[in-house]
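Asker: We have chain A; now place chain B onto it with these hints.
Listed below, chain by chain, are the residues.
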Amino acid sequence: MSKVLGLALGILAAIGGFVDIGDLVFNTAAGATFGYQLVWVIPVGVLGIIVYSEMCGRVAAVSGKAVFDAVRERVGFKAALGALVSSEIVNLMTLACELGGVAIVLQLLAGLPYRWLIVIAAVAFMVIIWVTSFEWLERLFGYGGLCMLVFAVAAVKLGPDWAKVGSGFVPHIAQNNSTLYLYFVIGLLGAAMTPYEVYFYSSGGVEERWTPKDIRMNQANAIVGYGLGGTLSVALMIVGATVFLGHGISPEHLGTIALGAGDPLGKVGLLLALVGILFAVGGASIDTVFSGAYNLAQFCGWEWGRYRHPKGAPRFTLTWIVLLVLAAAIVMTGVDPVTLTEYAVIFSVVALPLTYIPILLVANDRAYMGRYGNGRLANALGLVYLVVIMIVAVSAVPLMILTNAGQN
Amino acid sequence: MSRASGAFRWFASAGAGTCPVLLLRVLVLAGCLAVVAGCNGGTVDRHALTNDAATIDSIACEGALLAHNGAAGKTTAYYAREQAEELRIQASNLADALARRPALASIEARVRAKARLAARLAAILQQLHDHPSDRDVARAVETRLAKLGGCA
Chain A
-12 MSKVLGLALG ILAAIGGFVD IGDLVFNTAA GATFGYQLVW VIPVGVLGII
38 VYSEMCGRVA AVSGKAVFDA VRERVGFKAA LGALVSSEIV NLMTLACELG
88 GVAIVLQLLA GLPYRWLIVI AAVAFMVIIW VTSFEWLERL FGYGGLCMLV
138 FAVAAVKLGP DWAKVGSGFV PHIAQNNSTL YLYFVIGLLG AAMTPYEVYF
188 YSSGGVEERW TPKDIRMNQA NAIVGYGLGG TLSVALMIVG ATVFLGHGIS
238 PEHLGTIALG AGDPLGKVGL LLALVGILFA VGGASIDTVF SGAYNLAQFC
288 GWEWGRYRHP KGAPRFTLTW IVLLVLAAAI VMTGVDPVTL TEYAVIFSVV
338 ALPLTYIPIL LVANDRAYMG RYGNGRLANA LGLVYLVVIM IVAVSAVPLM
388 ILTNAGQN
Chain B
2 MSRASGAFRW FASAGAGTCP VLLLRVLVLA GCLAVVAGCN GGTVDRHALT
52 NDAATIDSIA CEGALLAHNG AAGKTTAYYA REQAEELRIQ ASNLADALAR
102 RPALASIEAR VRAKARLAAR LAAILQQLHD HPSDRDVARA VETRLAKLGG
152 CA
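Top to bottom, those sequences are chains A and B. Under our numbering, the first residue of the first sequence carries the number -12, and numbering increases by one thereafter. Under our numbering, the first residue of the second sequence carries the number 2, and numbering increases by one thereafter.
It should be emphasised that the hints constitute simulated quantities derived from the structure, not laboratory data.
Derived, one-sided and incomplete: chain B residues facing chain A with beta-carbon distance under 10 Å:
#  : residue
1  : Asn52
2  : Ala55
3  : Thr56
4  : Ile60
5  : Ala61
6  : Cys62
7  : Leu67
8  : Thr77
9  : Tyr80
10 : Glu83
11 : Glu87
12 : Cys152
As a list, the in silico DSBU-like pairs of lysine-lysine whose alpha-carbon atoms are at most 30 Å apart:
#  : chain 1 : residue 1 : chain 2 : residue 2
13 : B       : Lys148    : A       : Lys144
14 : B       : Lys148    : A       : Lys254
15 : A       : Lys254    : A       : Lys144
16 : A       : Lys254    : A       : Lys151
Bear in mind the structure is a predicted one, so any value in this text is a computation, not a measurement. Beta carbons are placed, not taken as given, at the ideal position from N, Cα and C, and that holds for glycine.
Excised from the complex, chain B in its bound form:
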């Protein structure tokens, strides 16, 4: 409590100082708030599930576009491999988070299902990463990812 009020006094005392000093303190406070805002833990609620589901669809659709371009010879092997790996890591992290984080009882089954979907997505992207210049693999990956993500 005393520390908190001390921090408040430190912040408020800027009123006696100059404008740039006050702004610097705002910047420090902003940094602390942003760190708090950026935390991604806690229980999965409906809102978080909606966001995570949208992220899974987005990764799938990007993977599908990447695979489509690979099948059409519009990309390089390095680009396809590295970009597929980035997407795979993102999907894999999401799968881990959705599998482990506590969820509201009413949506727990859906959360775990999304975790399995994200894990499947990561496995498909792994194929693209392993065979970045194989057009047949790219075509197969495109079809599966487009279906998984419900892409346009």
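This is chain A alone, in the form it adopts within the complex:
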């Protein structure tokens, strides 16, 4: 019974924690620009993150090692250093976006000055991380993020043309403005498969001391949690298409997204959307700050883990504190978190192969995995997605330039 409860709680946390600022920005903007035409990209991205999260969760459960431990051991120092630097750059950019997002939502809720709220948010995160256990950090933000389900309610209430939504699930290329369309395809895939998610997922598995007995729970968590979380992305796209495309609005501010729930559901819908976004981007801030600290600590062979007291892993603790300070400094410069999000997502797409190739290699390594190595289905899906990842990684920057970062 306790296992079922644990699984249900884990799934709820995964649903609530699925959406981050990249998903919010790209899904809503895609709906506002192309209606339901890009819905098909969401299940493609969700399946990709399920495949690789399950793989790295399994590696963590069997070997007790997280992704970067495996990267360092499997690909050697120089290559791992390249992977580390690129992942840390993308992580820091993403963290800055999420922290800026938290400050924006707090400003919309409380009307306080933005820059003060950046400082307050950074300090609040330090305190929360310091005093809260890993399990409860995950659940606190995951459950709070469930308020995002208000977008699913809004999507239904808006009464979209469900036949058109259904036809959006069929992959196709838009006839008009196909370059911008492809840019959104890349952005949506990048937002769904962002690297910090797998770093956090696998390190979280080690934090929670998964063993091979937990492999089934890992699979259920990844499949059901991410699968249902993906419905939130579909809901955001429907809201974007119905509210914003319908009104001729191109959403360029984080606050605009909440308007999408406020319009059909009134003040309660607006407030739930703001609280949901707050927890979603807040949870993603925690994920990214930990991912950055996990990666560096695992690469350098330091003691790491939130399950240890901060004094038991001092360099790991110092790393996440420094990352939070750096991210706060970046957003204090006045850079727009939404614009930065677009760059962060596109750069993360370029760095995707560095994350996913080592996972596939390690999950196939019988010396590591024994009888828990990848089966045929995992390998087939892993290889298909590797090809997809390589294609999107190569096309991301040219498309960003051709579309002026989605502005054309």
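Answerer: Structure of chain B alone, referenced to chain A:
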């Protein structure tokens, strides 16, 4: 020239290295290209004018929707005030850019007209920012913005 070729050699030499190192260099190059792509200066041409005009309409329509929800009691005072301020700043920045940036002679008059329109938009949004919980103001702002942006 020598610096450029040095940078090229640095990039190309990754071929002798490992895949992640090459990808890291691609990431650095991507960053540089993205910064260049993100620059928003230069002369306003027809394409830029079309984009800026669409942005003005979008801001106006979002402002109209915000005001509509305000008039219907569907929003909070803080949200209406802060979101109106965000939109006002965006409109004001656009007005400044369109007023100052050089434009092709054939479209200069239209560019300056759009600058004035963006400035008007910013002024209307200021009213919503100043009176976020006043439903009468919200209704008036909605009407003016919907007309200005030609909103559906």
